[in-house]
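*Asks:* Each chain, written out:
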Amino acid sequence: MTEISEEKLLWMHRRMVTIRCFEEKASELFYKGELPGFVHLSIGQEAVPVGTCANLTDQDHITSTHRGHGDIIAKGADVKRMFAELYGKKTGYCKGFGGSMHICDYSIGIIGANGIVGAGLPIATGSALAQKLLGTNNITVCFFGDGASNQGTFHESLNLATIWKLPAVYVCENNHYAVSTPASYSVSIKDISERAKAYGIPGITVDGNDVIAIYEATKEAIERARRGEGPSLVECKTYRWHGHFEGEEAMGMTYRSKEEIEEWKKRDPIPRFENELKSRNILDDLKIKAIWDEVRNEIEEAVKFAKESPLAEPEDIFKNIYAGGE
Amino acid sequence: MKTITYVQAINEALREEMARDKTVIVMGEDVRASVFGATGGLLKEFGPDRVRDTPISEPGFTGAGVGAAASGLRPVVDIMMGNFMYVAMDQFLNQMAKLRFMSGGQVNFPVTVHAPIGAGGGAAAQHSDHPVVPFVHNPILKVVLPSTPYDAKGLLKSAIRDDNPVIFFEETTLGPMKQEIPEEEYLVPIGKGDIKRGGNDVTIVAVGCMVPQALSAAEKLQAEGISVEVVDPRTLVPLDKEIILNSIKKTGRLVVTEDDTPMCSFASEVMAIAAEEGFSYLKAPVRRVTRVNVPIPFSPPMEKFVLPNEEKIIKAVKEVLS
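Chains A and B, in that order, give the protein sequences. Note that our numbering gives residue 39 to position 39 of the first sequence, counting from 1, and the numbers run on in steps of one. Note that our numbering gives residue 1200 to position 200 of the second sequence, counting from 1, and the numbers run on in steps of one.
Possibly wrong hints are sitting among the right ones.
Footprint (simulated), chain B over chain A, 3 or more residues, beta carbon under 8 Å [as the list claims (entries may be wrong)]:
(1) 124 to 136
(2) 150 to 156
In silico EDC-like links for lysine to aspartate or glutamate, alpha-carbon gap of 20 Å or less [claimed, not checked]:
(3) A:K319 - B:D1049
(4) A:K165 - B:D1049
(5) A:K165 - B:E1029
For the record, the hints were derived by calculation from the structure and aren't laboratory data. Quick reminder that beta carbons are idealized off the backbone N, C-alpha and C, glycines included.
Please model the complete structure; the sequences and the hints are all you need to start from.
*Replies:* This is the structure in structure tokens:
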């Protein structure tokens, strides 16, 4: 930890707080009936993307999932344009064509969240192929979940990236559930990182609520990828506090005990990181409160921007079919 | 001019575009050895980085083509046989087709898919489909299906240069077909049909491998005093509806022929266009000549029975004239 600059630690803290506040606000807006469609939130998982993306530049790429808000905020996405997309507004990242599950920002290397579990894995692999063949020093991080690790695309991608020695890092956000199906039931082994052995690449499991541990594990994998030594698999064990999607309780879906959820809440990655920062005299309670206030204010501003923006309109559809416009 | 086969035309298009643009790569199963000849010799000229054999992982390398296209390459994804596309349908229909649209147009996906298709070789049902329709049905993917060496070369070059995903289907049964083509470079535009033979009495809209059969049928019908116009759309999406409607306007009679099963087929769509937009031109009910609605059986007499052919086209033309 000593090697991480204070500036970077503060950036990491602020990004984690931003994800938490964004997701809490998205939940609130969903239950008020303001957001169309599905919303999949990552509250509790903030440490994984932040610890990983702290090692990346704007030229590096990530792919993300249906539960992608946290990943893309960690990569630097603008919360104003994110909320605008959630509202289906013209000013949204995808001009209202994508919605919550499909936010991307190619200008900062967010080459797509994805609504199909496991679909981002080959796409990330192809991105890494391009980075290698074009002679860049950039790498691609592929975020995916425990559910995706059972898809054929996971195995095909790790195999491809290994035989082609691609600059890719596969980061498994293992939140222990694929919708309602526990990983303890659906995954053939205890640690998904064990699957790296099948491809002869490094695989490591880390505490997915410890942002420093994630930073260090992904740093090693990312540096290895940049050195041209090929891909790695990093599994981060974490937990989503909310349901698979907002509103699932109302549909009568119960598959986790209250005790289990409460147990994981005690391992909240944000206060844990704040305690670490306090012990290093980087933050104190007053400064922490000021950061939360600032971020909450920023989120309110973003929602205001989104609400005041014009809705996407049907006549926009046909301007967006092919490259080059109509 | 020079004489070239259909497969050589595809090979030339790949070679010329790879020489022209170093971001063009070809990847797929056995592209170095080249099972059907389309990618033959490319390895020697362009090396293993750009002529990339893949494991048998259709979703993996199709998706890699999508990701590479979004990240600065102009990949050609080679599917050894069209039926294998079914293995990778999510990557084709949910990813390749939609990601630019879903991103609000943030980035282009200049990826070309090359897939040989067709029956007639005793390959049985899992190697003989003509899987054009799932891609045509998708509202965005561009789909081309050339019927001559000239069109194959010009359309593949246009497909590779297109900033959108294009599915380029190769008709395996046309592989040895020869034609004179120009020595100098040319392109065939995507989205423009071609009148392969002019005529006045009946329009045959024929696609892919049915074009030569329709032309041969037209020749025989001419001997009986029946003048047939053969329209080859060449591109199925975006479709040149005008060339079809103009021809129906002239002849008033339509036969559509396609080497596929009839339910919700491309032929069905052409008939729907004729009914919706050209009904007033029609002097007789329209007919289509397609495969019998079963999977391709293995044994040669059964396979021959199922496939559309010249005799079936001639019969249909006479029916719309009676």
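*Asks:* A separate judgement is required for each hint: does it hold in the structure or not?
*Replies:* Here is how each hint holds up against the structure:
Judged by the Cβ-Cβ criterion of 8 Å, the region 124 to 136 of chain A is covered by chain B as claimed, because 10 of its residues qualify and three suffice. Coverage of the region 150 to 156 of chain A by chain B holds [criterion: at least 3 residues with CB-CB distance below 8 Å; count 3]. About 36 Å separates the Cα atoms of A:K319 and B:D1049, which puts this hinted pair outside 20 Å; it is violated. For a cut-off of 20 Å, the pair hint linking A:K165 to B:D1049 stands: about 12 Å separates their Cα positions.
A distance of roughly 18 Å separates the Cα atoms of A:K165 and B:E1029; the hinted pair therefore holds under the 20 Å criterion.
When each numbered hint is compared with the structure, a violation occurs for hint 3 only.
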